[in-house]
Amino acid sequence: MSDVPDHLDLARHRDDPETAEIVARRALFLLLTAFAVAAILGAFGQRPQNSVAAADRAELDVSAPSRVRGGLLFQARFTVEARGAIENATLVLARGWMESMQINTIEPSPTEEASRDGDLALSFGPLAAGDRLVLYMQFQVDPTNVGHRSADVGLYDGAELLARVDRTLTVFP
Amino acid sequence: MDIVVRAFFAFLFVLIVTRVMGRRELSSLEPFDLILLIVLGDLIQQGVTQSDYSFTGLLLAGGTFTLLTVAVSYLVFRVRRLRPVFEAEPLVLVDDGKIIDRNLRRERMTPEEVAAEARLQQIPSLDGVRWAVLESNGRISFIPR
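Top to bottom, those sequences are chains A and B.
Using my numbering, read the first sequence as starting at 1 and increasing by one per residue.
Using my numbering, read the second sequence as starting at 1 and increasing by one per residue.
Simulated from the structure, these hints should not be mistaken for lab results.
Beta carbons are placed, not taken as given, at the ideal position from N, Cα and C, and that holds for glycine.
Keep in mind that a hint or two might mislead.
What the hints assert, rightly or not - Which stretches of chain A does chain B cover? Using the computed rule of at least three CB atoms under 8 Å from a CB of chain B, they are:
1. 102-114
2. 123-132
What the hints assert, rightly or not - Not everything, but these chain A residues come out facing chain B in the computed CB check (under 8 Å):
3. 3
4. 5
5. 18
6. 20
7. 70
8. 71
9. 143
10. 144
11. 173
Given only the sequences and the hints, what does the whole structure look like? Please build it.
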């Protein structure tokens with residue numbers, strides 16, 4: 001009578017254990033490693049990225065993450081360098097900046113806020129040549145806000161477009 | 001709906017993590033493993049419920065986890081071929097007093113660990129062991145000669 005315990009198959013459990021199991025474990029380990037490496041390289045966001053648009057009368061620089069995650073707090077910084085006189089510097093933010101986002105702070109406060117074709121228009125009054133306007137906005141992402149959204153930014157003098165930055169905001173779950 | 005989807009993916013993630021970590025780490029529960037599991041649990045909870053503090057959220061997330069646990073258990077019970085995917089097979093570590101190095105390496109175990117487990121079961125030497133088997137739940141069963 002064999003002394004091998006019941007339900008033990010020596011071929012399978014001693015001599016040649018299932019290789020698929022170990023292969024699957026290693027594959028899953030590699031998958032987790034790949035996620036961690038991708039995160040370190042910035043694939044899942046948080047790191048701010050600069051986008052610049054320059055025109056004759058002004059330069060617009062937007063520094064903000066283009067990839068964020070649900071619940072994340074982040075800052076967007078908008079810098080306007082006036083190269084010529086601007087009567088009413090107005091930043092127009094696409095809906096993606098506001099959709100399912102908590103806006104915690106806007107500093108400095110705009111002199112006027114309005115909706116322009118559904119986008120948010122923030123007016124800051126006149127800028128002389130050489131003036132610099134720096135606007136800070138602090139956001140928090142709603143956890144249910146997932147997907148891609150347009151996060152374009154336009155710099156206007158009243159209704160006249162001076163410079164425009166095209167951006168996309170990706171929100172990971 | 002989101003919370004159910006998040007709970008589903010969190011469940012898959014837990015399955016992956018437990019398979020990657022290996023049965024020994026999960027069963028031995030050394031202080032480090034214990035803390036790691038608690039931290040993982042906290043991270044998973046945050047990912048699933050996020051800022052939802054409602055009782056409904058608890059019902060949805062807890063219900064989804066329970067449902068998936070029963071579903072996986074039933075699947076493993078009904079489909080034999082799926083068993084190695086969800087739970088590890090027994091592995092013979094000692095045969096007639098001799099350690100099978102290849103199988104120990106496979107589970108990242110050392111002969112000292114096997115000897116320590118034997119001592120915990122009042123077996124002073126592996127020479128007196130006919131079979132030592134690493135079971136699916138990560139514990140080692142010893143069958144004396």
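Taking the hints in turn, this is what the structure says about them:
no., hint, verdict
1, 102-114, "violated (count 0)"
2, 123-132, "violated (count 0)"
3, 3, "holds, 7 Å"
4, 5, "holds, 6 Å"
5, 18, "holds, 5 Å"
6, 20, "holds, 6 Å"
7, 70, "holds, 6 Å"
8, 71, "holds, 6 Å"
9, 143, "holds, 4 Å"
10, 144, "holds, 5 Å"
11, 173, "holds, 7 Å"
Hints 1 and 2, counting from the list given before, are not met by this structure.
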